[in-house]
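Whole structure, please, built from the sequences with the hints as guidance.
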Amino acid sequence: MTSDRLIEITNPDDPRIAEFRDIRERDLTGRENRFIAEGTVVLRLLAEAHAAGGEFIAEKVLLLQNRVAGLADIIAGLPPEVPVHVATSEVLDGIVGFHLHRGVLALGRRKTESELSAFLDRLPQQALVLVGCGISNHDNMGSMFRNAAVFGADAVLLDESCCDPLYRKALRVSVGSVLTMPYCRQSSDVHLLAALADRGFAIWSLSPRGEADIRDVPPSDRMALVVGTEGDGLPQNILSAFGSVRIPQAPGLDSLNVATASGIALFEMASRIKRI
0 MTSDRLIEIT NPDDPRIAEF RDIRERDLTG RENRFIAEGT VVLRLLAEAH AAGGEFIAEK
60 VLLLQNRVAG LADIIAGLPP EVPVHVATSE VLDGIVGFHL HRGVLALGRR KTESELSAFL
120 DRLPQQALVL VGCGISNHDN MGSMFRNAAV FGADAVLLDE SCCDPLYRKA LRVSVGSVLT
180 MPYCRQSSDV HLLAALADRG FAIWSLSPRG EADIRDVPPS DRMALVVGTE GDGLPQNILS
240 AFGSVRIPQA PGLDSLNVAT ASGIALFEMA SRIKRI
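Per numbering that gives the first Met the number 0, the very first residue in the sequence shown carries number 0; after that it's consecutive.
Calculated from the structure, these hints are not laboratory results. Only a predicted model underlies this, so the values are computations on that prediction, with no experimental measurement involved. Don't take every hint at face value.
[To be verified] In silico lysine-lysine, DSSO-like type, Cα no more than 27 angstroms apart, as pairs:
no., residue 1, residue 2
1, K59, K110
2, K110, K273
3, K110, K168
And the structure:
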């Protein structure tokens with residue numbers, strides 16, 4: 000890697016890296032589909048997505064100077080038009096507003112988002128999908144994407160009340176799975192599930208009050224696991240309209256964290272259809 004590829008930043012107020020400034024206070028999610036990617040693994044997946052001509056592209060990179068050598072292969076894989084900025088630890092901390100020990104940031108952009116019907120019509124005939132309704136916690140969102148990827152799901156569907164999975168923390172917790180797992184975030188929960196039902200999906204809503212044991216769910220070509228937010232969980236109209244399942248647990252706490260619960264339930268479903 001030649002040194003002329005690197006752009007040294009010596010002033011935290013340099014306008015060339017304005018998008019990275021104070022990232023805790025102002026995340027870029029929701030601004031023309033741009034987002035902040037953090038960490039080596041996420042940067043690598045973003046670079047691979049860009050190179051493959053997928054829906055995500057890298058627009059610029061900001062690195063701690065002493066991380067450059069170890070990231071040479073990733074930097075080399077980025078198109079030459081993607082600027083790579085470098086800074087000392089002091090300058091980098093001044094830019095982002097806190098100590099960034101990972102020292103790896105990128106500005107990415109999602110090029111397009113498919114309309115719901117078109118997205119669903121592209122799903123394979125044999126499909127497993129995870130559906131989130133009202134998921135507002137970014138850690139849970141990231142963990143759900145990681146679970147979906149680990150257990151071989153084909154897509155993640157989110158209703159319009161869910162937080163954006165491209166939020167920096169959600170993306171980091173997902174270990175970049177948000178960039179590799181097809182997903183769609185739009186429409187109401189009822190409309191989203193009705194669209195899945197119209198396409199032949201067996202829909203199973205997860206709740207401590209579920210009627211069936213998750214271990215007894217029969218396999219089918221198209222399966223959808225629906226999870227809700229912690230606390231209130233899924234609304235009764237959804238639990239009543241579709242098959243409901245529970246994860247048996249010892250007496251005591253009333254429910255599992257949605258990230259943990261979605262992982263257990265996806266494992267069971269994926270096992271039924273021989274995904275794992």
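To see whether the hints hold, each was checked on the structure:
Restraint check for K59 and K110: the C-alpha separation of about 15 angstroms stays at or below 27 angstroms, so the hint holds. For the proposed pair K110 and K273, the alpha carbon gap of about 33 angstroms is over 27 angstroms, so the pair is violated. The suggested pairing of K110 with K168 holds, with an alpha-carbon distance near 20 angstroms, which does not exceed 27 angstroms.
Violation of the numbered hints given earlier is confined to hint 2; every other hint is satisfied by the structure.
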